[in-house]
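The listed protein sequences correspond, in order, to chains A and B.
With positions in the first sequence counted from 1, the corresponding number in the numbering used here is that position plus 4.
With positions in the second sequence counted from 1, the corresponding number in the numbering used here is that position plus 17.
Honestly, the hints are just simulated from the structure, not real lab data.
Be careful, since some hints might not be right.
Stated by the list, open to error - DSSO-like mimics (lysine-lysine), calculated; alpha carbons at most 30 Å apart, straight line:
{"no.": "1", "chain 1": "B", "residue 1": "K57", "chain 2": "B", "residue 2": "K297"}
{"no.": "2", "chain 1": "B", "residue 1": "K154", "chain 2": "B", "residue 2": "K189"}
{"no.": "3", "chain 1": "A", "residue 1": "K138", "chain 2": "B", "residue 2": "K408"}
{"no.": "4", "chain 1": "B", "residue 1": "K154", "chain 2": "A", "residue 2": "K57"}
{"no.": "5", "chain 1": "A", "residue 1": "K138", "chain 2": "B", "residue 2": "K189"}
{"no.": "6", "chain 1": "B", "residue 1": "K57", "chain 2": "A", "residue 2": "K37"}
{"no.": "7", "chain 1": "B", "residue 1": "K99", "chain 2": "A", "residue 2": "K57"}
{"no.": "8", "chain 1": "A", "residue 1": "K37", "chain 2": "B", "residue 2": "K154"}
{"no.": "9", "chain 1": "B", "residue 1": "K99", "chain 2": "A", "residue 2": "K47"}
{"no.": "10", "chain 1": "B", "residue 1": "K227", "chain 2": "A", "residue 2": "K47"}
{"no.": "11", "chain 1": "B", "residue 1": "K99", "chain 2": "B", "residue 2": "K227"}
{"no.": "12", "chain 1": "B", "residue 1": "K57", "chain 2": "B", "residue 2": "K280"}
{"no.": "13", "chain 1": "A", "residue 1": "K37", "chain 2": "B", "residue 2": "K408"}
{"no.": "14", "chain 1": "A", "residue 1": "K47", "chain 2": "B", "residue 2": "K405"}
{"no.": "15", "chain 1": "A", "residue 1": "K57", "chain 2": "B", "residue 2": "K411"}
{"no.": "16", "chain 1": "A", "residue 1": "K57", "chain 2": "B", "residue 2": "K408"}
{"no.": "17", "chain 1": "A", "residue 1": "K78", "chain 2": "B", "residue 2": "K154"}
{"no.": "18", "chain 1": "A", "residue 1": "K37", "chain 2": "B", "residue 2": "K145"}
Everything numeric in this text was worked out from a predicted model, so none of it was measured.
Chain by chain, the residues run as shown.
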Amino acid sequence: MQYSEKVLDHFSNPRNVGEIEDADGVGEIGNAKCGDIMKMYLKIDGSIITDAKFKTFGCGAAVATSSMATELIKGKSIDDALKLTNQAVVEALDGLPPVKIHCSVLAEQAVRCALSDYYTRQGIDPVPIVGEIKEPEE
Amino acid sequence: MEKRFIYADNAATTAVSEEVLEAMLPYFRTGYGNASSIYKLGRDAQKAVETSREKVAKALGADPREIYFTSCGSESDNWAIKGTAELMAKKGKKHIVTSVFEHHAVLHTTEYLEKHGFEVTYVPVSDKGLIDPQDVKNAIREDTALVTIMYANNEIGTIQPIEEIAAICHEKGVLFHTDAVQAVGHVDIDVHRQGIDMLSLSGHKIHAQKGIGALYVRKGLILPNLIHGGGQERGKRAGTENVPAIVGLGVAIESATKNIAEKAAVITPRRNRLIDGILKLPYTRLNGDRDKRLPGNLNISIEGIEGESLLLMLDMNGICASSGSACTSGSLDPSHVLLSLGLEHAVAHGSMRLSIEEDVTDEDVDYILEVVPKVVERLRAMSPVWEKMMKGQKYE
C-alpha cells in the first residue's frame, strides 16, 4: 500500500513544524534505533491547547502523523486531546500503509507525553489523568 | 532551478533499452513458437534461445553449455546454493561460507538451509565494505560444501576480491558461487580465468526486462534441479523458455559488456563529483570503499535525518534514489549491509544510495547537488535528532 495524497501533502507541507520557546508542555517519544522520534510542544491556556508544534525525525508517515496530530488538537481542550486516538490520526490522513501504523501510535503518544509534562510542571501527578506513556518497542 | 527527472536508481532496476525491445518484439507475435516444438516456428525459437546463450556465455568468458536461463537473479542464487547443498550433503559436507552483507536472495537461502541441518559461517566485512579473503580461508572447514560471496554489493557497490577468494576455494577443494547481479556489465568478468564455479546474474539490472536471469555452472559440475518438469535447458531447468526475455537478455548483456571501460570513464567522474559535493555537507560519510566500488554507485549517510523522508523529498524534486532506511524495507531495522559496516542504527537510517549510468549528465549532477543540500537542510531543521546533535548531545 502506498501513501495517500493527504499523507504526502502533510509530509511535503507539514503543519506546525518548529518549537514553542515558552511551551507549557513538551513531550518526546521514540528512539533513533527504530528510526522515529517525535517531539511535541504545547501552549496551554486554562484548559485549551492554544498552540501545538512538533519536530520529527522519521519517515514520511512519521512527519505526516505528527503534522496531523498537531492539527487535530490545536484549539481543542485538553480533554479532547486526551481522547485523540491513533485511529483518528490515521482516518484524518485517509489511511496509512499497515507497516506505518506505528507512526500514528507514536503521534498519539507524543501528544500524551507533552500533556503529561504539562501536568508534571503544574505539580500534578499526570498518571491518573494521562495514563502511562507507551514507548515504542524496538 | 527548473525541475528535472533524474533516474538514479539503476541498481534497483533499469529501463529496457530500445535495442533490447526491438530484438524481443518479433518473438511475441510472429516468432512465438515453443522452443521445444519440432516445426520451423519452434526451431526458430530454439535457435534464438541458443544464440542468446552464446552471447551470455561470451560476455562471461564461459562456454554456452555452461549457461542456464532462469527467471531471475534470486532463482539463480537459490539454485546454486540449494543445489550445491543437496549435492554435497551426500558427501557429508554440510557447511556453507558466505558473508554478512549478501543480498537476501543468498542470506535467506542459507538461513533456510540452517533450518535443514546445514551450518553456515557468515564472514564479516571491513568498515570499508570489503571482505578479507583470509577470513574466507579461515572459515573453510573439512565439511565445507560451498563458499558464496557476492561480486559487488547491491547497496554500497563495493567490489569484492573474487579472484583471490576463488583461488582459496580451489586450493581447499570447495565450490565457489558468486552473486554477480550488480557486477555484470560494470566490471570485467571472465569466469574461467577467475576460477568461478557458479555465477548468478539478472537481466533487469542491465536493460533487459524483469523476470529473466541466468546461472553459469562450470562444466563438470552437475547441480540437482531446483525446478522439475519438462526437459528444457538440457533437462536442468524446467519451464517453457521465455523466448522474448531470453533474446532480450542476450542483446542486453552483449551491449552491457562491450564497452565497460568507456562507460566507467564517463560515469566515474560524475559519480565522484556527486560524492564530493554531498560530502561537503557536515555530518555525512561515504559508505563503502571509495575506489573499489562500482562506477555508478554512491551511498552516503546523512546524520540527523531519516532516509525515507529524504527519498520522498528527492522524488518531489524529480530524483529517483534509494535508501537503507528501515521504512523502505517494511521492517524496523535499517539495512543489514550498513549495520555490517559498523554504522549505528540512527546513522544507517539516514542513508541514501544513488546508482547512475551515462544518461545522468553533468547538468543532472549539478541539479542533484543543488537539490540534496536544500532537502537535507529542510529535514534537519525539523529533526529533534539534529537539534540534539547541534547541542552536543547524543541520541541513544
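| Going back to the hint list, which numbers does this structure go against? | Violated hints: 1, 4, 5, 6, 7, 8, 9, 10, 12, 17; rest satisfied.
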